[in-house]
Amino acid sequence: MNQQLPSDNELIPRLLAHDETAYTQVVSAYHGLMVHLARAIVGPAIADEVAQEAWLAVIRALPRFERRSSLKTWILRIVSNTAKTRLRHESRTVSLEDAPGEQANTGANRFNASGRWASPPTVWHADTPDDLLASQELRTCIDTALRALPPLQRAALTLRDMQGLDMESICKVLEVSESNGRVLLHRARNRIHAAIEEFYLQ
Amino acid sequence: MKIMNMMPSCREITEQASDYLNQDLSPWQRAAFRMHLLMCVYCRRHVKHLGLTVATLGKIASEEKARENDDIQQIIALIKRQQKESPEQKGGD
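These protein sequences, in sequence, are chains A and B.
Just so you know, the first sequence maps onto residues 1 to 202 in my numbering.
Just so you know, the second sequence maps onto residues 1001 to 1093 in my numbering.
It is worth saying that the hints were derived from the structure and are not from the lab.
Being a predicted model, the structure only gives us computed values, none of them experimental.
It cannot be assumed that every hint is accurate.
Said to hold, decoys possible - Quick list of in silico lysine-lysine cross-link-like pairs, DSSO-like style, CA-CA up to 30 Å:
| no. | chain 1 | residue 1 | chain 2 | residue 2 |
| --- | --- | --- | --- | --- |
| 1 | B | K1059 | A | K172 |
| 2 | B | K1048 | A | K84 |
| 3 | B | K1059 | B | K1048 |
| 4 | A | K84 | B | K1080 |
| 5 | A | K84 | A | K172 |
| 6 | B | K1059 | A | K84 |
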């Protein structure tokens, strides 16, 4: 998808000069990613709308972009903030960070007092992603677990494990500390892991 | 030196597993982590499953990538309209 995007140094002046080719390149490179991030935070129904709103904010703010991060990270941070604001408007009570309940698969009750496994992981009859995804039921199960994640956990997981961003950029995009970003990812991965494990237990 | 005292417990292994997969552990933590895995079949299994979970999420994402291109023209049109309406944008956030 990302076919030879010019460097930020080359792109930014062209964007400021309203160069249509440059806009087409940037939109082609980043719009899909923006929609994925918006969807992770606000859900599928208004993700496209949030991404559009974010583009308009990008155009407005570009003259004041100070280049303390890459253009990509800066654009994604605008998406993240647009989405968070939207989420607060839509549902005042929802917590961005966390939902109640500990992860089933690494909860304290799985270990004895000395920290060893009391209820060890069971064997999965799958060795590759294709093995796992061959089961439509398991796909549904993973999808349900993804949708149940708190928004910021889902955003961290989407950016890292589904879109391949590095942790430093992710923390800048979501405006969380490095350690908080790692915790968000750790929890999100554990929840999906737990959902798959539960599926194999049935 | 009692090496066992410095080894992470199974519970600690599950807490560090995500950072391990990200290669975010310090060299010392990483060595202790791997040492534990050598000796513990359950933790090996746990880490393998977590890695498989992460790989599966990547696979799902790559399947989704196919249908992304439709909106691009629409966004370009939106941007052009905005620029026409307000060529001298300065404010707003």
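Violated hints - listed by number, lowest first: 2
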